[in-house]
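Visitor: Okay, here's what each chain looks like letter by letter:
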Amino acid sequence: MTGLVAVIGLGPIQFDRPVWLLLLPAAGLAAWWMGRRSLAGLGPVTRWVALSARIVVIGLLAAAMAEPHWRTGSKHVSVTVIVDASESIPGHVQREVDRYVEEAAALGRDDPGDRLGVVTIARDSFVQSLPSDKTDRVERQHIGSPDGTHLAAGVRLAMAVLPPDAVNRLLIISDGNETIGSVLQTAEAARAAGIPVDVLPLTYQHDSEVMVDRLIAPATARMGENVAVRVVLQATRATRGRLAVFMNGSQVDLDPDGPDLSTPVELKAGPNVLTVPLRTRYAGPQKFEAVFEPLVGPGGEVIGDSILQNNRAEAISFVSGEGRVLVVREVDLEAAALVEALADARIAADVRTADQVPPTLAELAGYDAIVLVNEPVDLFSIRQQEDLRQYVHDAGGGLVMVGGPRSFGAGGWIGSPLEDALPIRLDPPQKRQMPRGALALVIHSVEIPEGTFLGKKICEAAANSLSRLDLIGINEYRLAEGVDWVYPLSEVGDGTAVKRAIQQLKFGDMPDFAPSLELTHRAMSAAPAGQKHVIVISDGDPSPPSRQLLQKFVNDKITISAVACATHSFVDQQTMQYMANYTGGRYYNIDPRDAGVQIPQIFIKEAQTVKRSLIWEGTPFVPAVASAGSEPMRGISSVPPVAGYVVAADREGLSQVTMRGMENDPILAQWQHGLGRVITYTSDAASRWNPQWIEWPAYRQFWEQHLRWAMRPTGSATIRVATETRGDETLVSVDALDPQGERLNFARFQGRVASPDGSAQDITLRQVGPGRYEGRVRTAEAGSHVMSLRYVAPMTGEDGTAGVVEGSVQAAISKPFADEFRMLQDNAALLRQVAELTGGRVLAGDPVRDRLWSRDGLTMPVATRPIWLTVALAAIGLFVIDVGIRRVRLDVKALAGRLRMLVSPGKAPSGRQMAGLRAARDTARQRIAARSDAPADGESALREKIQAKASAKFEAPPDYRPADAASRDRGRADVAARPADAGSSASAGKAPDPEEGMSRLLKAKKKARDEMSDE
Amino acid sequence: MAGASGCSPAHDPDETTLLAVDRIIGEVGTFPGQMSYPRAMDFDGRYLWIVDKTARVQRFDPVSGRSAGGWTMPEYLLGKPTGITVASGPDGEPAVYIPDTHYHRVIVHRIPPLPADGMTPRQAFLAGQPAEVTRFGSYGEGRGQFIYPTDVAVLTDSSGRRVRRVYVSEYGGNDRVSVWEPDGSGGFAPAFAFGVFGSSDSADRIEFNRPQSIEIAPGPDGTAELVVADACNHRIGRFTIDGELIAWIGSPGTAGEASGSFKYPYGVHVVGDGTALVAEFGNNRVQRIDLRTGLGLGSYGGAGRRPGNLINPWAVTSWGSAVFVLDSQNNRVVVARLPGVKSRRIVAGAGR
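Protein sequences, first through last, are from chains A and B. This note's numbering numbers the first residue of the first sequence as 1044 and each following residue consecutively. This note's numbering numbers the first residue of the second sequence as 193 and each following residue consecutively.
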């Protein structure tokens, strides 16, 4: 049935299945036709009332089946303004936008229920004000990072907060330069939801602007080669300024004759290309930076340039040379023997501490292998850990992780992105039954923008860094329940349950620390764990705990580290410091501006406190060696004893364990991970656990073989890589020569490009000419994209023998600044398209003419409520009335009289009663006279006949006079309406004969029967 | 939640019933008429005064629910006030006392004139910057110093105009009530203080743990008393105006949901018939108690977002039979009727 007729509305009522309404004419007609006969015995009025009632009953039933809904409409308009707060909009334009919204919102807002909402967009979107009748302007609180424009996310967010009980309109105020996502796709969603999106394009053009468009350096170079670095500058008009060039962070003297290092440049309108020759002095990645410095006027104003963020560009050239290794260690002694062994093996090594590690993947990629010696995870940012993983997997570098008491699982690497790259699992197996750690997190507040998000992230980071058998518990002050466990102290397991619980964190306003710490102490003191540690994060303003309570922690050897974030004053810091100092934990006071970076690191580091149990130390033993098939263990069949190591577990897959400890724990393992190779050695390279190794004759051989296996092969071919970026894509061209200088053909290149966001993509190179290969790669994001290519090619040796040449090469593609700063002009066309797509308006920016609150073209929203039951009940009720009409007739006048008597029984004068009775009698007489005088035409005859028939069924005959009308009057009100009832026995003139009455009744009955049988 | 009206004489005092809500004032936001985690409230006989976590002091018309002007505190980067009291100022004129919690001081503002007809809420707010009458206190634990002042109570003479004493509660390890007297030159001078941090119930050693709200009001016998909501000790204290303990109602050991017990009582308001209303942050309810016996007479609210529910209420006050509850985490004021509450508004020296 559905779909035959669309939904129809009738005033406030809407029918979802209106086809059932067809019942009304069909069944109504039938009812009328049948009623003509079946109701013929009733008086004309009664008959029509009964017939109408019947038809209405049918109508109501039809309506009930047609699924009626009651529609409630809204008359309020809600406008949600999506304001572009990204840096591409000049500051003065943003101020004008705020003024415009305030003025436009004030004009024509006649309905006090009209609402205004504000959403800002930049890289992320934020609701500044929910749609409200109290909002009257833009208030920018936290807009996040302004170096991007994600229009689509802004529209999505605005749509998520639209009030359902108002008609909604969105208004985008932007330059239309989106750098992320596609607003057109989201506009489709708005159109589908029937929400018009008005747009106010912000048009502007930077008249005076200089941009360092690109810095072009060869992707690869040879040591000592002079490379020509080309700086491409775009200027909107001729101007002057200075150019500075940096190489590996040191400024190059471009003006040897003058006192400055930078050189003056004259730019013409349009592109300008400046070439700077530079000599490469070191092997590895060489980072070049070019910076344009505009002239500054006497008042400090910048001349000839508007956007300063786009005045810098960088490029990296990889200079080939001997293989180099980066050794990272914090204490010299821990790596001294290893470094010496490398030197003996003529492997060039840079030895650094963690904070000296190159900060970018591009620079890391210059090393052929990285050795981490007893390094804990907290010395590396999440970004660096991710870079290390990419360095191996996508840039093809080698990683050798050497143990010590602060390494592997004991160093907090469980859960780190780098863990995936290791050939062992850092979480020890269940069978090891190591004493485990217990960590409780007491969460109060992280009072910074997006603090809730960060708070959840840090809890996850802490949970991630524990092993599955460790215990973790998280409690907080809950809004409704008070202090309670969000995750009761229990095993981490696979971490899914704890992560689910973390998402439930509410960061309630904790009045005092005592209940949280009491709850924590109760659980921790009973926990079966070796190390017990608590981390409290708060702004420090809850009431401090008592000394007695803290003493209980001390007695049970439970330490508390206090992380104070966004404290209100010295008092709060004191409270936090007191808890940490008293229990032997650490105290951190976080600057809210660095909270996003610092707190996760602290939580991971603090979580490590409970990880000391992952270390095995004992009587030295000789590990079992399984060197078969292992290239790095070639020629090594036994090793000296070890006195300790960090317990880990085997990893499924292609990892090969070549040395095992107690209970078969893996000590030395190797595998290929992506393009790179990884070796883990869970014992140390120093005298703590390996005292006899340093004296071992094969010590150098052991480490040399392992390092050389892990190091990226440099190869003997000469590979030149050139890159050319066009828009979001980069063309990679490779020229390959074999060791004899001949073009290298039929080479197979396996390549990966690591993007700045941590993702990676494969790159395929096709041969396009003799020794020349090309491929394309997407490089949309700003930052350095590091490309690593491994190649294998057939080669004929000098002696004519067939062989292969293989090796690898790195290159970097730099995109120096976000697209946000590349746009010198608005993109109003995109916004117009959005308006057109959604039926919105393109506003002119005039608060009066734009009529923000206009109802034009808006369809008011309607809420519907099903009312079929009400309609059906009405039909049933009316049906009963219908029966009543036919069976029972009411004399309104008599009823009224009765009512009068009831109300004032003693007051009704008998004379008036009598007058009423007389009037009734007269009326009855007139009706009788009228009937007898009526012309005997067919219609009236028929009416009489029907009446007679009906009377025979239900009523006394017309001339019937009751014996005691007054007494019957008391029992049946309708009887009083009969003409004969008009008078009492005293006033009726003559007394009726009961016999006569009965015989007449029987006669009438017989007559009616006869007539019916005739029909 | 059966018997939601709470009117039944057989009402179980241990059961928390929904508040019988008359109307709701406010919504979340930072525009005039909106509030963002409001934490203190007082009533001046005509208007509600509310201070929220954006450091805005707002005056609300309790009938229309509209904002009737206000101002932003002069400094707020270190933190926002958690108390507000409207009472007679040192010059006998009505004033707004703000314990400027995180600046360790009390600022007394003149009440700004009502907004002119036709002013938008924003114009009214911007026009509402009041003159400062005086300020007192500085950071420290010494005499005349504060750490985190939470609330102010004002004791006046019988006319209600002339200020005799000003009481200020504090926490942050300096949990006490300090008493100030007019210095004769339009300001206040410290007189004495009582209470230290702790949870003892001894009458000889008064201990507080975050006295969050205080009020001067006639006790059951008609004598002026100082009533203290000792929030983190989960009790209400009755003191003479000289700081001597009359009685504790509730205790740290009995903290909970039972009738006559409390969980973080953040706000207290004496109704005037020997009973008081207590806003319990931790129990998400308002409890009416008999000040003489300490017995609970009924609890209203319960955790939730629905009208009639509360989440972390910080304050309560009343006028006649209307009870105003500051439903802080719901960013609103709930105006409700509570059985039996028909307050004689006790305004100690509000000058109203």
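Since the hints were derived computationally from the structure, they do not count as laboratory data. Positions of the beta carbon are idealized from the N, C-alpha and C atoms, including for glycine. Hints are supplied without guarantee of correctness; some may be wrong.
To be verified - Each pair of labels, with its calculated beta carbon distance range:
hint : chain 1 : residue 1 : chain 2 : residue 2 : range
1    : A       : Asn1624   : B       : Ser443    : 45 to 55 angstroms
2    : A       : Asn1624   : B       : Ala381    : 52 to 62 angstroms
3    : A       : Arg1426   : B       : Ile216    : 22 to 32 angstroms
4    : A       : Asp1154   : B       : Arg238    : 39 to 49 angstroms
Said to hold, decoys possible - Pairs of lysine-lysine residues, derived as DSS-like cross-links and limited to a Cα-Cα distance of at most 30 angstroms, are as follows:
hint : chain 1 : residue 1 : chain 2 : residue 2
5    : A       : Lys1499   : B       : Lys534
6    : A       : Lys1549   : A       : Lys1499
7    : B       : Lys455    : A       : Lys1177
8    : A       : Lys1549   : B       : Lys245
9    : B       : Lys455    : B       : Lys245
10   : B       : Lys455    : B       : Lys534
11   : A       : Lys1600   : A       : Lys1499
12   : A       : Lys1500   : B       : Lys245
13   : B       : Lys245    : A       : Lys1595
14   : B       : Lys534    : A       : Lys1549
15   : A       : Lys1549   : A       : Lys1177
16   : A       : Lys1549   : A       : Lys1500
17   : A       : Lys1542   : A       : Lys1600
18   : A       : Lys1499   : B       : Lys455
19   : A       : Lys1542   : A       : Lys1499
20   : A       : Lys1600   : A       : Lys1500
21   : A       : Lys1177   : A       : Lys1118
22   : A       : Lys1595   : A       : Lys1549
23   : A       : Lys1542   : A       : Lys1500
24   : A       : Lys1177   : A       : Lys1311
Said to hold, decoys possible - To be clear about the criterion: a stretch of chain B counts as covered by chain A if any three or more of its residues have a C-beta under 8 angstroms from a C-beta of chain A, and this derived list gives those stretches:
hint : segment
25   : 218-224
26   : 239-245
27   : 277-288
28   : 363-369
Visitor: Hint check: Lys1177 (chain A) vs Lys1118 (chain A), CA-CA at most 30 angstroms. Holds or violated?
Guide: With a Cα-Cα distance of about 17 angstroms, the restraint between Lys1177 (chain A) and Lys1118 (chain A) holds, given a limit of 30 angstroms.
Visitor: For the segment 218-224 of chain B, count the residues whose Cβ lies under 8 angstroms from any Cβ of chain A; is that count three or more?
Guide: Check passed, 6 qualifying residues.
Visitor: Regarding the pair Lys1542 (chain A) and Lys1600 (chain A), is the alpha-carbon distance no greater than 30 angstroms?
Guide: 27 angstroms, holds
Visitor: Has the given pair, Lys1500 (chain A) with Lys245 (chain B), been kept, meaning a C-alpha gap of at most 30 angstroms?
Guide: 25 angstroms, holds
Visitor: With a cut-off of 30 angstroms on the C-alpha distance, tell me whether Lys1549 (chain A) and Lys1500 (chain A) pass.
Guide: 13 angstroms, holds
Visitor: Between the beta carbons of Asn1624 (chain A) and Ala381 (chain B), is the distance compatible with 52 to 62 angstroms?
Guide: 37 angstroms, violated
Visitor: Please test the hint of 39 to 49 angstroms on the beta carbon pair from Asp1154 (chain A) and Arg238 (chain B).
Guide: At 29 angstroms between Cβs, range violated.
Visitor: Quick one, are Lys1499 (chain A) and Lys455 (chain B) close enough, alpha carbons at most 30 angstroms?
Guide: Answer holds: Lys1499 (chain A) to Lys455 (chain B) is near 27 angstroms, not above 30 angstroms.
Visitor: Is the hinted pair Lys534 (chain B) and Lys1549 (chain A) satisfied, with a Cα-Cα distance of at most 30 angstroms?
Guide: Distance of about 37 angstroms is beyond 30 angstroms: violated.
Visitor: Lys1600 (chain A) and Lys1499 (chain A) were given as a pair; does the straight-line alpha-carbon distance stay at or below 30 angstroms?
Guide: 27 angstroms, holds
Visitor: Can the restraint linking Lys1177 (chain A) and Lys1311 (chain A) be considered satisfied, given a maximum Cα separation of 30 angstroms?
Guide: 52 angstroms, violated
Visitor: For the pair supplied as a hint, Lys1595 (chain A) and Lys1549 (chain A), is the alpha-carbon distance within the 30 angstroms limit?
Guide: 28 angstroms, holds
The structure does not agree with the numbered hints 1, 2, 3, 4, 5, 7, 13, 14, 24, 26 and 27 stated previously, though it agrees with the rest.
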